[in-house]
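We have chain A already, so just place chains F, C and G on it with the hints.
Protein chains in written order, with the numbering used here: chain A, 44 to 235; chain F, 44 to 235; chain C, 44 to 235; chain G, 44 to 235.
These are computed hints drawn from the structure, not numbers from a lab. Some hints here could point you the wrong way.
Which bits of chain G does chain C cover? Going by a derived footprint, with three or more residues having C-beta under 8 Å, they are [as the list claims (entries may be wrong)]:
| id | region |
| --- | --- |
| 1 | 92-100 |
| 2 | 160-172 |
Calculated pairs, DSSO-like style, for lysine-lysine (alpha carbon to alpha carbon, straight line, at most 30 Å) [what the hints assert, rightly or not]:
| id | chain 1 | residue 1 | chain 2 | residue 2 |
| --- | --- | --- | --- | --- |
| 3 | C | Lys185 | C | Lys46 |
| 4 | G | Lys185 | A | Lys46 |
| 5 | F | Lys46 | G | Lys46 |
| 6 | F | Lys46 | A | Lys46 |
| 7 | A | Lys46 | G | Lys46 |
| 8 | F | Lys80 | A | Lys185 |
| 9 | A | Lys46 | A | Lys185 |
| 10 | C | Lys185 | A | Lys46 |
| 11 | C | Lys46 | F | Lys46 |
| 12 | C | Lys185 | F | Lys185 |
| 13 | F | Lys185 | F | Lys80 |
| 14 | C | Lys46 | G | Lys80 |
| 15 | G | Lys185 | G | Lys80 |
| 16 | C | Lys185 | G | Lys46 |
The C-beta atom is built at its ideal place from N, Cα and C for all residues, glycine as well.
Number of protein chains: 4
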Amino acid sequence: MTKTRLEAFSDGVIAIIITIMVLELRPPHGSDWAAIKPIVLPFLSYALSFLLVAIYWGNHHHLLHTVSHVNSRIIWANTHLLFWLSLIPFATNWAGENHFGTVSVAVYAGLQAMCGIAYYILLRMIVASQSLRPGLQETLEKQTRRGTTSLIIYLVAIPSAFIHPAISAGLFVLVAIIWLIPDRNIEKALKE
Amino acid sequence: MTKTRLEAFSDGVIAIIITIMVLELRPPHGSDWAAIKPIVLPFLSYALSFLLVAIYWGNHHHLLHTVSHVNSRIIWANTHLLFWLSLIPFATNWAGENHFGTVSVAVYAGLQAMCGIAYYILLRMIVASQSLRPGLQETLEKQTRRGTTSLIIYLVAIPSAFIHPAISAGLFVLVAIIWLIPDRNIEKALKE
Amino acid sequence: MTKTRLEAFSDGVIAIIITIMVLELRPPHGSDWAAIKPIVLPFLSYALSFLLVAIYWGNHHHLLHTVSHVNSRIIWANTHLLFWLSLIPFATNWAGENHFGTVSVAVYAGLQAMCGIAYYILLRMIVASQSLRPGLQETLEKQTRRGTTSLIIYLVAIPSAFIHPAISAGLFVLVAIIWLIPDRNIEKALKE
Amino acid sequence: MTKTRLEAFSDGVIAIIITIMVLELRPPHGSDWAAIKPIVLPFLSYALSFLLVAIYWGNHHHLLHTVSHVNSRIIWANTHLLFWLSLIPFATNWAGENHFGTVSVAVYAGLQAMCGIAYYILLRMIVASQSLRPGLQETLEKQTRRGTTSLIIYLVAIPSAFIHPAISAGLFVLVAIIWLIPDRNIEKALKE
Numbered sequence: 044m045t046k047t048r049l050e051a052f053s054d055g056v057i058a059i060i061i062t063i064m065v066l067e068l069r070p071p072h073g074s075d076w077a078a079i080k081p082i083v084l085p086f087l088s089y090a091l092s093f094l095l096v097a098i099y100w101g102n103h104h105h106l107l108h109t110v111s112h113v114n115s116r117i118i119w120a121n122t123h124l125l126f127w128l129s130l131i132p133f134a135t136n137w138a139g140e141n142h143f144g145t146v147s148v149a150v151y152a153g154l155q156a157m158c159g160i161a162y163y164i165l166l167r168m169i170v171a172s173q174s175l176r177p178g179l180q181e182t183l184e185k186q187t188r189r190g191t192t193s194l195i196i197y198l199v200a201i202p203s204a205f206i207h208p209a210i211s212a213g214l215f216v217l218v219a220i221i222w223l224i225p226d227r228n229i230e231k232a233l234k235e
Numbered sequence: 044m045t046k047t048r049l050e051a052f053s054d055g056v057i058a059i060i061i062t063i064m065v066l067e068l069r070p071p072h073g074s075d076w077a078a079i080k081p082i083v084l085p086f087l088s089y090a091l092s093f094l095l096v097a098i099y100w101g102n103h104h105h106l107l108h109t110v111s112h113v114n115s116r117i118i119w120a121n122t123h124l125l126f127w128l129s130l131i132p133f134a135t136n137w138a139g140e141n142h143f144g145t146v147s148v149a150v151y152a153g154l155q156a157m158c159g160i161a162y163y164i165l166l167r168m169i170v171a172s173q174s175l176r177p178g179l180q181e182t183l184e185k186q187t188r189r190g191t192t193s194l195i196i197y198l199v200a201i202p203s204a205f206i207h208p209a210i211s212a213g214l215f216v217l218v219a220i221i222w223l224i225p226d227r228n229i230e231k232a233l234k235e
Numbered sequence: 044m045t046k047t048r049l050e051a052f053s054d055g056v057i058a059i060i061i062t063i064m065v066l067e068l069r070p071p072h073g074s075d076w077a078a079i080k081p082i083v084l085p086f087l088s089y090a091l092s093f094l095l096v097a098i099y100w101g102n103h104h105h106l107l108h109t110v111s112h113v114n115s116r117i118i119w120a121n122t123h124l125l126f127w128l129s130l131i132p133f134a135t136n137w138a139g140e141n142h143f144g145t146v147s148v149a150v151y152a153g154l155q156a157m158c159g160i161a162y163y164i165l166l167r168m169i170v171a172s173q174s175l176r177p178g179l180q181e182t183l184e185k186q187t188r189r190g191t192t193s194l195i196i197y198l199v200a201i202p203s204a205f206i207h208p209a210i211s212a213g214l215f216v217l218v219a220i221i222w223l224i225p226d227r228n229i230e231k232a233l234k235e
Numbered sequence: 044m045t046k047t048r049l050e051a052f053s054d055g056v057i058a059i060i061i062t063i064m065v066l067e068l069r070p071p072h073g074s075d076w077a078a079i080k081p082i083v084l085p086f087l088s089y090a091l092s093f094l095l096v097a098i099y100w101g102n103h104h105h106l107l108h109t110v111s112h113v114n115s116r117i118i119w120a121n122t123h124l125l126f127w128l129s130l131i132p133f134a135t136n137w138a139g140e141n142h143f144g145t146v147s148v149a150v151y152a153g154l155q156a157m158c159g160i161a162y163y164i165l166l167r168m169i170v171a172s173q174s175l176r177p178g179l180q181e182t183l184e185k186q187t188r189r190g191t192t193s194l195i196i197y198l199v200a201i202p203s204a205f206i207h208p209a210i211s212a213g214l215f216v217l218v219a220i221i222w223l224i225p226d227r228n229i230e231k232a233l234k235e
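Next comes chain A alone, as it looks inside the complex (with noise of 0.2 Å):
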């Protein structure tokens, strides 16, 4: 029961989280091609925020997948990670706007750290619960390795911003190519 509605609520926020960034997509204002040139670079990181958000509902899914009672702490870790993620559109639109700008770049790289970080908050507080589902410890190892690699690039992304922007961006889809890798073992795990 209070499971479900944890997920039901991170499931609520993180479409929110998703579709909102849309908004802040303003419509160029003539309609001929010349007006798109200004709108490639918000387009790219709405883009890239998106699958970035995408891979958090698909790794908080398989996490939470592996808990079989939620306790007033895994709530909080939870809600913790809720907020970082949610200050994704602001820096995705402030990046965007700012044509990739140092600073933004840099904020957005501490950002998606921050988030990291409190993923990895939560991944401890299940671990500490000891209500996991057998089966699926697994998952968590493949989840703190990946997570760890994903952490020390955006680590390195922030001072990376400040020698060229484009280092950094480079290193945002790194992030996503590692996530993106088919693991058929965690599938198998699902499926046991």
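Chains F, C and G in isolation, oriented as in the chain A frame:
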């Protein structure tokens, strides 16, 4: 379990897409009848997009009904579809604000074509998953047939916008009509 | 199954409609008491619309409770209702920003009348589907009686706005009162 | 059934309230460190409101857990609560944009007091419904005690804003701390 959460998340995203479009309908500045004129085209584009997104919701609903078990590929094909759908408020707003200007209408047609392609990919992933519920093969065939027709119409609507945007607008309405024609067979299949 | 997802989708859309209206309540630019004056009318129109949409949610909830099985016609009648409801934030915003100007209030009344008609169509489709749960005939009759009264009041409120918008505003409040009067019979029917 | 849909609707509205506040966090126009300064106060008011709304969600969750059956009065008391909660994005935005100006902070405190009163009314309606699940009396007593304390603090925070808004801000943080202190008894009651 997994399927329920996928449906809930998709419903959330589609409900938000269909509703936030209204935020872009700016109220006129006066309050006499003349003030209504500049919002006629934005209103029509809103109504059209509402209808097309609602058709996607209905189809998506029926499509997921046919599947008994979801896998990673279905989840990603679904996310891919939601991505293109999420851009509809942007394209609607652009077309409405620019009074159906050539490029904005062509982009709208192109976006609808991308949604159609993404839907088709999702449909193929579901067929490939070989976890179809019996008796629902027919639903898939109907959706494939109508979906292909819609896609062709959208692809025709892209160059048509350069002759006259009204031709494209007429083609969008045609797609809506194709989907609204009742299909007793689908309902029969669902009842069984 | 189908019914649950229809309810979930409708709940999502109505929850978004009722909540995004607040985005149109622009904060005053100063922070002294004088700054509050220009937001009194937008606030009142927000409160009224919130109440009217909440009444729709409650009625919709009770109405779908009476049905055991949904068909295509019910789904489309429901989508049609959601379309008109989704325009309430727009009309609320217009009336609020224009200080209840004549045309904006008439449009608001007209929109509420359209919502009433759409609700009535949905109710008729449900009756026609002949899949009512026993003992709930009474709920439908009550909703038909009150719904018809509301519709007449809204239709009267359209020309009334041209005499004085305050008359229409009073009529809107009257509709809310009609629905808020507790009806023990409905609850009894639901309990059984 | 009825209870599930009430929870789903409330979750939807609260999820939207907590998320759309971020739309009011306008990205700075530059992308150097100086650009970050004007968004510090809006960010802090966003974080505070996010936390306070999240606390409401948790409490609401626990409160509805105690009830086995909902009636009309509970539904309306819940809608009344959602109404005041829905205004939090507006008040947050006002306080943030006006750099915690006197009146905006007093209005924020007054709104939080209204939310507290509305929550208390809902709690009383649930007690009066006499359909409590056994062993959860304690949850209600805890929520009443903490809720009363919070309400008094908010009422004190209204005049405090006229001495210095920072005092009120400190009081808001105090309320958050009161609710965040873990309460093992509530969890124990829920486990049983």
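The hints, checked one at a time:
1. Restraint check on the region 92-100 of chain G versus chain C: 0 residues with Cβ-Cβ distances below 8 Å, three needed, restraint violated.
2. Using a Cβ-Cβ cut-off of 8 Å, 0 residues of the region 160-172 of chain G lie near chain C, which falls short of the minimum of three, so the contact claim is violated.
3. A hinted pair counts as satisfied when its Cα atoms are at most 30 Å apart, and Lys185/C with Lys46/C qualifies at roughly 22 Å.
4. At roughly 22 Å between alpha-carbon atoms, Lys185/G and Lys46/A fall within 30 Å of each other, so this suggested pair holds.
5. Only pairs whose Cα atoms come within 30 Å are accepted, and Lys46/F paired with Lys46/G is accepted, the gap being roughly 23 Å.
6. For a cut-off of 30 Å, the pair hint linking Lys46/F to Lys46/A stands: about 16 Å separates their Cα positions.
7. A distance of roughly 16 Å separates the Cα atoms of Lys46/A and Lys46/G; the hinted pair therefore holds under the 30 Å criterion.
8. Taking the CA atoms of Lys80/F and Lys185/A, the gap is about 58 Å. The hint is violated against a cut of 30 Å.
9. The hinted pair formed by Lys46/A and Lys185/A meets the criterion: a straight-line CA distance of about 22 Å does not exceed 30 Å.
10. As the CA atoms of Lys185/C and Lys46/A are separated by approximately 38 Å, the hinted pair breaks the 30 Å bound.
11. Distance hint between Lys46/C and Lys46/F is fulfilled; the C-alpha atoms sit about 16 Å from each other, no more than 30 Å.
12. In summary, the hint linking Lys185/C to Lys185/F is not supported, as the alpha carbons are separated by about 40 Å, beyond the 30 Å threshold.
13. Distance check on the hinted pair: Lys185/F and Lys80/F sit about 40 Å apart at the alpha-carbon level, beyond 30 Å; violated.
14. The hinted pair formed by Lys46/C and Lys80/G fails the criterion: a straight-line CA distance of about 50 Å is larger than 30 Å.
15. Among the hinted pairs, Lys185/G with Lys80/G is inconsistent with the structure: their alpha-carbon atoms are about 40 Å apart, more than 30 Å.
16. Of the pairs offered as hints, the one joining Lys185/C and Lys46/G holds, with about 22 Å between alpha carbons and a cut-off of 30 Å not exceeded.
The earlier numbered hints that this structure contradicts are 1, 2, 8, 10, 12, 13, 14, 15.
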